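Asks: Work the whole structure out from these sequences, hints included.
Residue numbers (our numbering), protein chains in the order written: chain S, 1 to 114; chain Y, 1 to 1023.
Hints in this document: simulated from the structure, not taken from any laboratory. One thing to keep in mind: the hints can contain errors.
[Unchecked claim] 30 Å max Cα-Cα, derived DSSO-like pairs, lysine-lysine: (1) Y/Lys115 with Y/Lys79; (2) S/Lys6 with Y/Lys115; (3) Y/Lys15 with Y/Lys1014; (4) Y/Lys916 with Y/Lys874; (5) Y/Lys79 with Y/Lys874; (6) Y/Lys115 with S/Lys43; (7) Y/Lys693 with Y/Lys655; (8) S/Lys90 with S/Lys107; (9) Y/Lys1010 with Y/Lys934; (10) Y/Lys115 with S/Lys107; (11) Y/Lys79 with Y/Lys204; (12) Y/Lys15 with S/Lys90.
In this text, all values refer to a predicted model and were calculated from it rather than measured experimentally.
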Amino acid sequence: MDILEKLNAMGVRTEEGLARCLGQENFYLSLVQRALRDEEFEKLGSAIGQGRHSEAFEYAHALKGACGNLSLTPLYEPLCEITEWLRNGKACDYAPVLGQILSTREKMLELFTL
Amino acid sequence: MSNYAIGLHSARSRKILIADDEEISRNILGNLLESDYELVYAENGQQAWEILEQQGQTLSLVMLDQYMPGMTGMDLLKKAKMDENLKAIPVIMMTADERSEVESLEAGASDFFSKPYPHPDVILARVRRAIELYEDRQILSSTERDTLTGLYNWEFFCSYVSQYDRYYPDLVMDAAVVDISHFHMFNERYGTSSGNLILSRMAKKIRQAISGKGGIVCRRSADVFYLYLPQGTDYAELRKSLMNLTEPGDDFNGKVHVRMGVYPAVDKELDIGRRFDRAKSASDRVRSIYSEPLGIYDDQLRQHELYEEQLVEDFQRALDEKQFVLYFQPKYDVTQSTPQFAGAEALVRWIHPDRGFLPPGDFIPLFESNGLIRNLDEYVWEQAAASIRRWKEHYHLPLAVSVNVSRMDFYDANLVDTFADLIRRYGLEPGELHLEVTESAYEQDSEQMIRTITRLRELGFLIEMDDFGQGYSSLHMISSLPIDVLKLDMRFVREAFGQTKNTRMIEIVLDISDYLGVPVVAEGVENEEQYRELKRLGCDMIQGYYFSKPLPPADFEELLKKQQAGILSGHGISVDFEHRKVLKQMRRVTYSNIAQALAMDYALIFYVDLEQDTYIEYSTGDGHDEFSVTRWGKDFFGVCMTWVERVVHPQDSAKFRETFSRDRLLGELAHERSVSLTYRTMMQGEVGYVRLKATRLSKTDDRHIIFGMRYVDAEVQRANQAISFENLAKAFASDYYSIFYVDEETGEFLEYSAGRNAGELKIERQGGDFFTFMRQELKENVYSEDQDLVMSSFTRENLTQVLDQSEKFTMNYRRVLDHQPSYVHLKAIRMQGGETPHIVIGISDIDSQIRREMDYMKALRDANRDALTGVRNKRAFLEQIRQLNGLIRSGDVEEFAVAMCDVNHLKEVNDLKGHKFGDDLLKNACKQICDIFKHSPVFRIGGDEFVAVLVGSDYAERDALMKRMESCNKEAAEQGGVVVACGISDYKSGTDDSVEQVLERADSAMYANKEYLKQSDSRRENG
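Replies: Encoded structure:
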């Protein structure tokens, strides 16, 4: 099973993401890697951890845009949720959703390191 | 926004700005669009704004992420839409927040994408659509509007007028014409850029004035505006509101004289052109009536129009049947004790079979206005040449006959050949045919006219400037014109012997002719008194009823027979300067006096004769373009004192009285050259400043004093610097910053300067050895690059030699002024008026004029040229399309084809090797295209796109040329040269109704060729 199939199995809508990249697999996968390796994930985690919500919003928003266009749905959906919370300054427990985002990211990254 | 777009709808070469802070999204869009568009990226709002400001002119689309840190996409959108230069560029907003779609569109976005992005095909289609819509709009607005004023152009005006009539069939409409009088003089005085400013202000004023009335307006030609508006407008009021175009900070006088013509309640059956012809003829009727600047088309004009239409209809038959007959009016040389027959002017008369003898005033201006004069003139030239030939044979008389050459004739590029051919066919000498050109003709397109006239003179034809003094050409220009004879406008003769009996204007013309070294012919001389006076003043030739009316050929031959019995010279036009010299001394006018008078810049001049206690007053009238010799009278000092009561400001009256009392003034002038006083006037409750200056005519002349009155209030002064003959005379001297008066024998000289203070002509320097002095001056002041030229030309020997052979010596060079080279014009002529021959040398500053011309030529070149390749650009191409479409519509288009060319691999070369290599590739490609389509205009219309419009032999050989292109490509592919994909398509007469259709086919053909080249490429690579 190649990476695309594995991503697909994880819920990524690879067909849609590939279409946006004119069907160019290599190009698509290079963007996916770049998105997953983005340090903004770490920055998002620490900003939320330290309660810097408006800064965290910037990171979440940017990550959401990238993941959305690559159709990384398992990341995109929780990122949408957390972006909205942050936008509204909602006081709630961000940890579970953040945890879900970070672990999904790890799992996806593993596909590229295997 | 002034992007010049073309509607080819092929996307390459359009540039898109993508602004998104998020890299992945930028990459996805970039990957999607890069093969079709040139892309620039911004990572944040601020960067995007900077790119917009720098490259806005070349952008076809902006794609903006709505949310960016710092300046958001929405902020940027709003800012761009506020900017006059950027607001037209289409913007597509992109955001994940669909709720902001409405907000974006309301803020001026053209389209909206949600994020994540929709399917790539959707994006591509919408990007393409946004650009197409924008370009179509651009084309529409750039072709329907006059670029200078933003008003409709004539073509679109007409189509809007028809629409107007369709929508409001029952509305009563007027056609009106607004015309700025003597606008070319405004341009000449203040420069074209000020002129353009005035035109756009005029356009704005007209628009304001008619807004709300439901009218439309266009600029028909340079300074002529057409208005179509519902009846009920107060035109006198409208006209008045357009007269003052002054704005704060102007360095020119923005008051203009406006003439209007109205054709009220138009007949909507008439075509639109005719309606405005009628308004125009109403305006033309009041052209010369300064006090009545508003003309209405009425029944009288209609009758006149019908009469003229009939004459136009009869014209060809009249030519065929030789109804036009030449009359000859003799000219007499009066420089000798008895008048000598010296030639004749050929004048045309129309003996109409139904209407009888038609006065030339009825048909000449008419034929001048519609171009038929070309045919009539040629007929006259032919008849005149035939007559001269016949008379030569019969009477063995050398005889010079002058014929009229109209302004329209100069539009014929073959005019010189026509005349050369004419004298060849009739075996005449060029000197036997004099060509009369009216002064006003010189004003129209002086450069081309001067070129043509110079060539005619080189062939030996003599040029007479007709109606001199009637036009408004500047004296600076006259002095550089190629002319051999001045013909004094009949009006001056009439005025000189009218009620005021003032010959001063004639004297000035004579002085100018002296300066130019050409003889003067006075026309319209009717009686002995006029003849004697004109002879006394120094006219060289006389033409008029006093000697003879224009004679029909038979009668003129009788005259020739008589002459044959006696002595006769038909080439007798020459200046007898001895004769002039005597007259000059009688008039006691010397060069310096003239120069001084010319240099003055006064609104009123009083020439006071102390012995006879008389004075003559010259003034510019109230109007802008009228000149009158106002009056003469007795007791100038008495008159002067009446001003104290009438106009001098009470607080200045004592001072005025003291300065200008007769005894006091004469006392002052005994030891001072001049006395002047600036004082205030009160007129109609307004204060103005006036300077009155009294000057003795010369050191030895105790008899005459000249008073010059000048309005020193800047605006009043400008308004009174009217375009008049006298002002031209003033300009003559003030055009020269330095005038030398050199005794040719002794080398003694005086240097006058008419510099800084207008009205003063002071002696700057004097000395004994002019040439040594001048050569030293030139050595010190001439720009190094021009040194050799100037020093070898400006020698005593050379100057003398040139002046022996022709009447003037001229030279342009650069002097060093403020450490910069600056163009000057040096002109030298020989004056025979004094006791010994003198040379007068004038040096004028022509730097700004030359630089303006250079700038203009450069701007003209640059505007339509592609900077990299030097071929014409997209803007020029757009104009070409417009012209071709016009020809297609009118059915006048000749067969043509379009070759669309595209340079292969430009992007790769740019990316891999850099833009320097890319530029070289483009230049080589362009050269190849130009070499192949060498008889056709080539345009660069996009980054790597060129178009050639094939006509003539290139069109005939288009298939062979395409083959040549293919073989060039083949060779280039093998050797690694430039490969140019090319597609040619013909214009299909009867099927195509616009060039765009041809372009589209050529574009497809080019693509097919590109595809073919690509395949050959890969076949080659695969062995």
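Asks: Now tell me if each hint is right for this structure.
Replies: Evaluation of the provided hints:
no., hint, verdict
1, Y/Lys115 with Y/Lys79, "holds (23 Å)"
2, S/Lys6 with Y/Lys115, "holds (25 Å)"
3, Y/Lys15 with Y/Lys1014, "holds (25 Å)"
4, Y/Lys916 with Y/Lys874, "holds (22 Å)"
5, Y/Lys79 with Y/Lys874, "holds (29 Å)"
6, Y/Lys115 with S/Lys43, "holds (23 Å)"
7, Y/Lys693 with Y/Lys655, "holds (14 Å)"
8, S/Lys90 with S/Lys107, "holds (28 Å)"
9, Y/Lys1010 with Y/Lys934, "holds (22 Å)"
10, Y/Lys115 with S/Lys107, "holds (25 Å)"
11, Y/Lys79 with Y/Lys204, "holds (26 Å)"
12, Y/Lys15 with S/Lys90, "violated (42 Å)"
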